[in-house]
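Colleague: This is what each chain is made of:
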Amino acid sequence: MPVWLREHSWRQTLTAVYLSLPLRGARATPANIFCSEQYLKVSIPPFLFEAVLFAPIDDTNSTAKIGNGNIFFTLYKKEPALWDSLTLANADKEKLQYLRENAVLKAQEKAREEAEAKKITKQEHKKYALEATMKVEEAERKRIEDLKEKERQKVAKELELWKNQQKDGDKYKSIQKKEELHQEIEPLEERKNENMNKTRIPNEGHSKTRLKSIRGHGSCSIFSQNLKEEQLPAPRVAATIKVNFTPRVFPTALRESRVAEEEEWLHKQAEARRIINSDLSDLEDLKQEEKNPDWLKDKGNKMFAMGDYLGAVNAYNLAVRLNNKLPLLYLNRAACHLKLRNLHKAIEDSSKALELLTPPVPDNENARVKAHVRRGTAFCQLELYTEGLQDYEAALKIDPRNKILEKDAEKIRHLIQGTMQSS
Amino acid sequence: MSAALGAERPQVVSHVQQALSYTVFDCKWVPRSARLLCLGSAARGTGVLQLYELHGARLELLREIEKPKPIKCGTFGATSLQQRYLATGDFDGNLNIWNLEAPEIPVYSVKGHKEIINSIDGVGGLGIGEGAPEIVTGSRDGTVKVWDPRQNDTPVANMEPVQGESKRDCWTVAFGNAYNQEERVVCAGYDNGDIKLFDLKTMSLRWETNIKNGVCSVEFDRKDINMNKLVATSLEGKFHVFDMRTQHPTKGFASVSEKAQKSTIWQVRHLPQNRDIFMTSGGSGSLHLWKYEYPAQRSKKDSEGSEMGVAGSLSLLQNVTLSTQPISSLDWSPDKKGLCVCGAFDQTVRVLIVTKLNKI
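Chains as they are written, first to last, in this note's numbering: chain C, 1 to 423; chain F, 1 to 360.
Treat the hints with caution; some may be incorrect.
Stated by the list, open to error - Some, not all, of what chain C presents toward chain F, calculated at C-beta under 7 Å:
#: 1; residue: Trp162
#: 2; residue: Ala238
#: 3; residue: Asn244
#: 4; residue: Arg248
#: 5; residue: Lys403
To be verified - Each computed PhoX-like pair below joins lysine-lysine, with the alpha-carbon atoms no more than 20 Å apart:
#: 6; chain 1: F; residue 1: Lys337; chain 2: C; residue 2: Lys163
#: 7; chain 1: C; residue 1: Lys242; chain 2: F; residue 2: Lys114
#: 8; chain 1: C; residue 1: Lys352; chain 2: C; residue 2: Lys370
Treat the hints as calculated values from the structure; they're not laboratory data.
Even for Gly, the Cβ is constructed at its ideal location relative to N, Cα and C.
The shape of chain F in the complex, shown without the other chains (with noise of 0.2 Å):
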């Protein structure tokens, strides 16, 4: 066990809870400033984009932008800081590049998918490592594709099913190992338990695995390093911590486990400024604060004399129960350690400081 003391621990402390008029799908902080953004779909089927500032104890709504169509997932992973353009799938199956001071015509828009996209992320924009900008989105037709912002209409890497395969809805997505310019890796969570990793550099699958449960959301702890450690949240409570630096021919990436909650893990979101801890949201309405510790080697060889990973241990730093709804989003802000938005199906958008983050 960590040497986490009860008055020690950290707190989870609620700052602000906003009352919203319609069902928030994501919501993302602004990088660089103390301005959030909520994203979701009002009653009227209609797509609704706010933008809120934080202002003492309350929250400020700047702007507030409709679509034609409800919006699932938006990302600000692949802009440049000046810039801050925000990526956002719909519920039909387009991606769409916004700028945020003239959101009448998206800067890129493309129907990438035939279905709701379910997730996006973005890698190479705010100053975050090197190479390319990309988005990759992971839609219920299957289908996982990454784009390039500069290339209209097709993508520049698509991962489909096999001609005559029934297809899996693909639920999450992420980037990783993206530390120079040609390395970087895809991770895609389905919804009958399937874990891929593709490799874009060799264009490839590198490693697949079935974790017994659909996946709700994938994450890499940083995606700008050589890949180190990925969570994969799933139904049924259990999330699986996979220890990415060695890979064993036959057996995978070591990993370890833990069942949290009885309910579903919607989210796990690593604290940017401390890529040991991250944090879990749940069907239940609750967060867990997590911290992986490694173990004394990372590696050994097993009998055929192989490298094979050695996963670590978990340990609960504290948990609170915020809502009766499920908890879908989750964001740190990367410029204020500590400092989270979420948001829950009771319509509420919370931003939430997490307390003594520095003693851990």
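One chain only, chain C, in its complex shape (with noise of 0.2 Å):
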């Protein structure tokens, strides 16, 4: 139960009323009044005042002191009139309950309504701000505009100054050149005249004065580029240079950043050709080298280019073990076969070349070719014509344009009418 604090004191005027309210030493603070147009509370606890006030005050203008163990409130009341009391009498419990319900709800709804208009004042404030600032920076804006709009003009003007003087210059040039064609004209056609007059053989007067009016046309240029035409050197011997590049493996261009990924890569393609088959344990005695079926490729290329057949195809047979998934080691190990006679390995091995380069693409167009031809070679070595043309046929269609493909399968189509004829 609160202890109520009843020894407060008043005294009114006619618009205002001056209430004394000790306090048993107790602080207060403002949080601890609540005030509405018609209820006064002060809980302090455990101490409470509470006053249903006889009429409204205009609670927005009226104050509270506090101070001195007393709260000395100045209350500005609404209608000039003097109060019997300063409560009221007569306020039965119900009453009481409501006016103070009531007096709690307007205050929220005062509190609220000054949130907000402190909100829109805050709001405001901000907005103008920014247009401020805003204007500043246009301002800068513009000048740094405008400074840049006179460069402008002043440099378009001067532009316009120099193509009219252009124009001008070519206008006297020109004028210029009139003028002396006139000049040269009038003596040579005194001249012609004159040849004319003096019954000179006609033909020997015209190519003169021809002469001469081409040798006029010449003085008349300005810049006298035909006199210099005529000490042009002749055009230069043709000869050809032949360059080398730097080798790059892509078919882009080369870019710094691109470096590091395009060596990764060459590394694994690199890698993967290696691993292929590398369990060999015949192979540990092998130098590094000799385990890597590109070079092993290479070296049997050089020798066959060498006329080392045997050779080469022991080069590739390795290489083979090591990596049976080379279509070109099976196609140059063809041509060896070829070049050695063993035609049905020949044939073999095309066969398995012409497996492995299964996805037929433009790219593998060159050695689908080759492999075509080495194994009709084959079999037109072993008389087999009709296969022969067969593959002679499948080349031409990889690659319609080689005559000596043509050739070649115009001859073994002879060779087959031949002996279709003679059995």
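Both chains come to you apart, so use the hints to assemble them.
Modeller: This is the structure we're talking about:
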């Protein structure tokens, strides 16, 4: 139960009520005071003072002064009248309750409104500040733009002047040209007439004037370029310079930022080619490079070029043991076998190569043509001409523009027809 | 750093912008006039040549010429000042020389290359330098050929890959060292980063190097003097300036390099009126204006006593971003200092004026 504070004292004027409330030693802060239009409460636990006022007051303008163990209220009446007493006398409990609640609600509403009003003013302030900064920036930008515009106009004027000078210059030059032409033509005409009068051979006279007129035009030219033309050196003697490029595997342009990626890719490719079939135990005593199918292929190619076909076959054999998925190895070995006249082996190898070259794409066109040609040759040498012709036609299908293939196919056709006729 | 202060720096002012209805690959000033030429490829796969004249704040179209194949590059370098014939290279490998007054039939025509002609340069014309007028073309088929307009069908010099060598695209060519009637040098840049210098007097390779990025553009600071400086620009935003006065037997020419932009540097062009100032145009649509400063001593002796060049330093005078697409072509006007035209892949050609170049 709260302790009621009842020792208050008050006095009034027509417009205001002055209420003095002693606090029994308790300290008061503004938070402890609650005031609405007709209700006043001071609650400092455990003390409580409550008053339902006689008449409504203007609670926004009323003040409360806290000090000296006392709260001094200055309440401004809404209607100037003298109150009979500070509080309503016959206030029953319900009315009191209702008034209290009402007061609380009103107070809350007021608080809300105040908060909103504050927010609105804050926003307006912000907006104003923003507009001010924008104006300042705009002014700055405009200043810079103006400077640029001035530059531009100045420069444009200079340009126009220069252009006009050019035009005038051209006109002047063309006028000069015409004048000089006129000057040249007059004496020419005079001379022409003279020649006619002197009854010279007409051809000579005409040719002379023609020569003169040509030279006349030459000297007219302001830049006297024609004179210079007579002194131009003859066209250079044609020659070719052979060029070597810094090697690059990729067809795209070289970029520094991509170099690392490209190196990695190439490395992986080389690794992949090396790793297949590398678990053959009897290869341990070979040197590192001899375990690399690419190196072996190169070695085989060199030996083929030098005519050492058996050596080349050995190299290719070893390479195949290391990696039997490279079609080029079989292709080259087929060529070796052809030279060694191991025709069945040549056919086998060409077939294996073609198998490995299965996705028939433009990239392996060359390889496929070679495979067909080698197999075809082998068949023909075994006198299986129809199979040979089939292979040649397949090769022609891939590469229709190859003249040598066409000739060979023709030869085979003739041979077939010849044997058919004779049999 | 140079003494280019804030208020005194050259400004790049965009004077006129012209939207085009085709992709412009090259733009050139017609010498001794306020006219410019735009070369490119229309959407339907034909070549377009447009001749514009500068009128105040706009460009007026004087002529439009259509050709069967898209045109990649052009030059006025090998014609006389009266004739002003344009030499063009197109997507099919044809080199044509046109008289713009009568463009139906070319004055000279040859199918020079098997693939697109990427770059063309001319020397000996326009009253500059001495010697025979010649045109050099560089193509995707890996060859660089030098043509004389007086000789039909065959080039006077052919720089081609060795038999069996896989070819690399030649992206750019430039003439230089044409200070008398015999001397001449061709510099070619390739997509694998090679730069090769061919001497046409001795018909041999004089120097080669690799700058580790595909070479987009090479230019000597002047064609008609003893070769002084060579600028080579490349992918990845780098460019190199070589001092060409002193060639070391093993180390070649001294150079300084700069990484200017994050994107490819498509073109470099020297100011005709001042050979130490040049502009680079980039793939991000920006232009950078540079000045080269010579070192105190241009050459020094190395440990074996042979002469070695010393490269100078570069300073950036100004940069400006004009477009979101690469600026692929750039040309200074030989008649008015600071006037230049640039063409970008956003189908616009812009006429720019660079101010305050006199104070550099």
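Colleague: Run every hint past the structure and note whether it holds.
Modeller: Tested hints:
no., hint, in the structure
1, Trp162, "holds, 5 Å"
2, Ala238, "holds, 5 Å"
3, Asn244, "holds, 6 Å"
4, Arg248, "holds, 4 Å"
5, Lys403, "violated, 20 Å"
6, F/Lys337 with C/Lys163, "holds, 13 Å"
7, C/Lys242 with F/Lys114, "holds, 18 Å"
8, C/Lys352 with C/Lys370, "holds, 13 Å"
In this structure, the one hint that does not hold is number 5.
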